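What follows is the residue order along each chain.
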Amino acid sequence: MNRKWSVVAVAGLLAMAGCSSDLPVDTGMTGTTGASKDAGAKSEFFDQARYEQQLKFRSTAPEGPADKPWEQMISPAMVDTAKLAKPGGGYHLCFSNASVDNPWRQVGFKTMQEEVKLHPEITKFTVLDAEAKDDKQISDIQSFASQGCSALVVSPNTTATLTPAIEAACKTNVPVIVFDRGVNTACPVTFIHPIGGFAFGADGAEFLKEKVKSGGKVLALRILPGVDVLEQRWAAANEIFAGSDLKIVGVEFTDGDAAKTKTIVNDYLQREGQIDGVWMDAGATAVAAVEAFQDAGAPIPPFVGEDQQDFLRMWADQKMTAVAPTYPTYQWRTPVIAALKVLNGQQVPKEWVLPQPKVTQDTLQSFLKQDMPPLHYAMCGCESMPGYPAPWK
Amino acid sequence: MTAGGEVVVRLTGITKSFLGVPVLRGVDLELRAGEVHALMGENGAGKSTLLKVLAGVHRPDSGQVEVAGRPVVFSTPREAQEAGIAIIHQEFTLLEHRTVAENVYLGREPVRRGQVDRRKMEADTKELLDWLGEDGIDPAAPVSGLSVARKQVVEIVKALSTDAKVLAMDEPTAALADQEVELLYDLVDRLRARGIAILYVSHRMREVFDLSRRITVLKDGAFVTTAPTAELTSDQLVRHMVGRSLDALYPDRATEAELGDVRLALRGAGNDRVRGVTFELRSGEVVGIAGLQGSGRSAIARAIWGVEPFTTGTLELDGVPRRVTDPRAAVRLGIGYVTEDRKGEGLALRQSIRDNALLVRRAALPGSRGRKRSDLTALLESVAVVARGEHQEVRYLSGGNQQKVVLAKWLAVGPRVLVVDEPTRGIDVGAKQAVHRLLRELARTGVAVLMISSELPELIGMSDRILVVHEGAIAGELPAGASEEAVMGLATGHGIGEVA
Amino acid sequence: MSVVQQKIEVARGATGGRSRRFTFTPTVTVYLALVALLVVGSVLVGVQGGVLLDQGGILNILTRSTVLGLVAVGQTIVIVAGSLDLSVAYLVGLCSLVAAETMAGSDGMMVPGVLLALGVAAVVGLVNGLVVTVLKVNAFIATLGVALILRGYLEENYTGPAGSVPRAFQHLGFDRIGPVPVGVLLMLLVAAAAWWYLRRTRGGYHTYAVGGDVDVARLSGVRTGRTIVIAHVLCAVAAGLAGVFLASRLGSGAPYVGTDAGYDLESIAAVVLGGAALAGGRGGVVGTIGGVLILATLDTIFDDLAVDPFFKDVVRGVVLIVAVALYARRKVSRRSA
Amino acid sequence: MTTPTTWRPRLADGTAPVLAVLAVLLVALAFTGPAYSEPTGYLALLKRAAPLVLLAIGQYFVIVSGGFDLSVGSLVTAEVVIAARLIDGQESATGWVIVLLLGFGLLVGLVNGLVTTKLLVPSFIVTLGMLLILDGAVFLWTGGAPRGALSPSFRVFGRGGVDLPVLGHLPWSVVILLVVLVAAVLFMRGGTGRTLVAVGDNEKAVRLAGGRVDRLKVLAFMLSGLLAALAAILLGGFAGVSAQVGQGLEFRAITAVVLGGVLLGGGRGSVVAAAAGALTLEALFSLLNLLGVSGALESAVQGVIIIAAVAYAALGVNTRLRLRRRAGTPEPAPRQ
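Protein chains in written order, with my numbering: chain A, 16 to 408; chain B, -7 to 492; chain C, 3 to 339; chain D, 25 to 360.
Incorrect hints may have been included.
Capping the alpha-carbon separation at 25 Å, the derived lysine-lysine pairs in BS3-like fashion look like this [said to hold, decoys possible]:
1) Lys232/A / Lys334/A
2) Lys138/C / Lys335/B
3) Lys228/D / Lys335/B
What the hints contain is simulated information worked out from the structure, not anything from laboratory work. Owing to the predicted nature of the structure, the values given are computational and were not obtained by experimental measurement.
Here chain A stands alone, though its shape is the one from the complex:
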């Protein structure tokens, strides 16, 4: 019965001319190819061209004000937005957020909210939170269609699955701006993102290549498999490690669980006797990993972390040798700025690549903020905003 109906429903509806559809026109880009796990040496997420491009972008001087990296852009290819322009202000900005379920997104979202406050021409800011559910985000984007948005900002939960919904949104003549994770379609007016995962992964791996003695044992800690951004980080690191004489003693998934991280590091210390470097694809559990060395009474080796305050503090306090590549939270400011540019008819880059600085020993002190929460991300570009620091605390 059920089975029969689903087929009938599909077949019947295809034939039915009078029915309406929210399905976007075919751009030939729907769906993804199978992403089954690959045990091979080179990750399927590795893409030589993009890898090289990202490494090059790191040294490319960005255009735009140097003190405002969130307004900078690397090798922009500007597009004309005149036909999307709605000058005059009174804008209703809509934002479909994937979730606020981790500190990075929390800091970013706060930053975005403050950015909106800076612009009086935005009179209404509507946010729908998808709570990390693809299906809800699709519904959210659909429901914006009836809410009279001046512009739609989307931070997709998953690249492949959100593509159709965004294609549909593009057709409504509301400018669509995508940031953070991308989508498999070129229809958004601009796609904003920092340089990317390859650059992030390479930053850390190159640091270890330089700091760890030849033949040293390196442990790679990853959060979870399958997330493209994180996969790219590892793919780049793996590429660089392959070209070094460092010995990768293990690649482990921590699920972002601090206790599990500590246990893993502890196990490796017991098994290997000594670890000479730790590479991580994200800093959430970096402090736990450092603690594992402390608890075991082992020296803390060179570390790759991220720009969370707790790691930066640990770094400074323990006088560690470390680097913190970042996936800057200031990118949450850019979509708002981009939306206003589009609505004012100004040009924006088709792909807005933001610079992606790293915290090094030299810049560590300037990012240390003792009064901020431990999981606050230093690269928020928010210190100069009027409300700082209250909303982030």
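Given the coordinates of chain A, work out where chains B, C and D should sit on it, guided by the hints.
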């Protein structure tokens, strides 16, 4: 009267035991079309088990079941049902949240074009109900809203609806009021007239003599006799059922010297099930309470225990007026209660003998340090529990040993008053005697014992006095050694000595 | 039975009859609560200058109900049977993958994809049912165990979305007939089918009987084991259908699409909210749909009011407990009446 | 008792299998991991397992009395997040915050218990609701992500240890675990503990025996809450602040308890077996890790073993009964 009609069901040499305890030992039974056949026996004689064998609930260990001359083996109730055998169990087998019609046709719903034919189901149920003169019951109403009596009617309709050739009724009048019993008589007559064989299990002599054409008697799981009703007197029947001289089996009654002060006194006590209950219970005394099921005899006991407390009158314990509002209060005052529902209310079956024996002590009197191991062992020895050890789970014990554990549970807190409700239900003869002896020994230590039993010989044999309850009130008091007729007379509301 | 008691019975019977006409069954209560929620929600949203029940809003509530509705309808059947299914969330993900990978973008593979996904679901349901009935494992543990096994399979074999459905198949997820999305119609059709099964067929009658009292059911000749197994299979197929629908909507299969949304516990919550007893034997599809709509409406109202997502969880938790407490309370007062 | 009972160590039904499995796993660990060739390896395992064992003991109280506690996972998260925010790195706040955390655990248990017993809501639903409420409320309070920081002295319980003569360095968490385990065993041997099990077996019998069933059930939930708070202190101490520290712990704790042969629905099982179940689970994960089995298979293995454990228990009893019946053994013969 002759037994006409062809033989519909014949059981020969049926045996059945549970966990090694024999419950049926070679029982024969023959049912003919259009006869009402009474099955009689004391509690624990094996009547219910025999019924369940017939119904396909239990498979006999040996022996043969024949239906219409052909040997059959029922492995599920459904197979028995399909062979035309329907049972009205003692416990209701109704789903509270389903409608009358749904219950009646459960498992046999009429289907039309792929779906249950609700209309036909309700119409057929209605027809059966009308036929029974029960047009007040709505086939589409949920069972949960019906009175107990009406639920019984639904049970009967459920059995009838199977087009049964054999209908077995286990104590069908237990929950019925007198006028409803009359209706049932009427109903049974009509069923008989239709050629249905009825196996009628009842304790009530009058019903059996009124209704049945033949009587089969069981005793301790064994077949005693089958005889035409017309050829039996009630005295003969009782002798068949009891089959032995009773007096010698019971411990000596209390002498005047053994009786102490008044322990428990009820004055005009009542609640919505009983009224004006007044009696005294002396230390060292065993007082029996007789009455038909549903007469209120258990309600008195449960009120003393605080489960459904008295709302009027007074309860005095050792001369002090007390309010017993819940079992905890009763237990803490020294009132113990051996429930008739041993498994449902008396024991935690998965716990050890030890834990059960200490249950009351721990539950109601926390803080009092548990008895020393040797004390508990002595206690269990004094009740003569036969087991592998005190850590054995009680669910593996026989009914008799389970009952001894229940007694031990109360002895462990040294009660002043012990109320025992059907203390020997479903336990074998040896254990029965042990329980009787225990209760009497307990009385000798100064405990006042109030005993409820539907087994008259037991009640008469054990009690120093007998109170008879009828329709929620005490109908009279009889001295030790009163006759069964006297008790039954009071219990049925006819007065002393009148029994049908 | 005493005369006194008999009078009480008569009196009870009378009030019973009258009150039956006027009592709010849980199903009625759910829909009254839904209406109340819609009214309160409309006012609150109105105060903020929005409209809750315009076409977009209704569409939103319905769309949000689709997947949870499919899963919860299946869950209703097992809960009525006195069982429970904690494996549905992973099953939804698995079936979306099976469908999308089988189709692999080809129009011709649409029917096989759907059939295969539903077949896989049925097998998982069959395993659940057999573990419960044959191995006599408590349903909570049985389905939790199967859930963990499915999770292991998904984690081992998938790292992210996989497979792709042909465009034609996406019409299922995105088309509307007038104002009503096809998915909602599909969900309502499945709900109607489940309602028909539970209320109109012998299997359904037996499901209620088994959930109400398994011993009574057995004594009455119901094949209890088979009934429970069928309930599990139907539940799994409904979850499978939810997976297929999500594949159509997402364009590919996604291993964690079911767990991210917490369809296991959420579907149980919806069923219980709809007035079903967790112990079995009571409840129904109509109530469940009411429960689903309440949850979806709450979500929509919160979105319109821009309520913190964390606050939603708090409200969901409170609503769940309060609703079940109310049902329990009414049951007690009726018993003591 | 007509059978003289000689005292001998006895194991509650279902305890023996889990202990056997645990022993096998420990031996296997010794062969697989060099770290397990000496006591420190096992000590590390104990330390790692301590929070789960505590949660399993708490869950045991609830399950054995006939309930479920699905709220412990989110309670652990909530406790850690609350601790971080309230302590905010200050040493001086540590003491009262720990007291407050334990109190909060008790309070959550009290609410779970009262709603279950007084409002007659099934514990599955109550604690599911509580799970949602705690999950939402704590992040509502902190604005989505953990705030503040734990103080070093707070973290001592999870990270530090005590140096003892003979035994050497003993982690605090192992000390706490042993203390709790001993206390739990003593409690379960006492009258209240036994009555708690009886409640799970036959609630009516206990009520009619004068027991205060509701109070006992509430007590079970409160103990579960308290131990969840303790587990949170150890987890927070071990690994620091994290928003997902408690994720999935409720199901893992239930798995551990069931693995220990404790009957869902109540009335049977020992607390030692529940604790052993938790330890077995951790040992199994460690072994799989050492053998290089992927994390994905971990959950599949977990799924198979809980089904197998419960099926063994359920079918085991039946089979035993059937065998006894077939053998026609009369009522337990006195062995003299």
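Tested hints:
The suggested pairing of Lys232/A with Lys334/A holds, with an alpha-carbon distance near 21 Å, which does not exceed 25 Å. Between the alpha carbons of Lys138/C and Lys335/B the distance comes to roughly 23 Å, so the proposed pair stays at or under 25 Å and holds. Using a Cα cut-off of 25 Å, the hinted pair Lys228/D and Lys335/B holds, with the two alpha carbons roughly 10 Å apart.
In terms of the numbered hints stated before, the structure departs from none.
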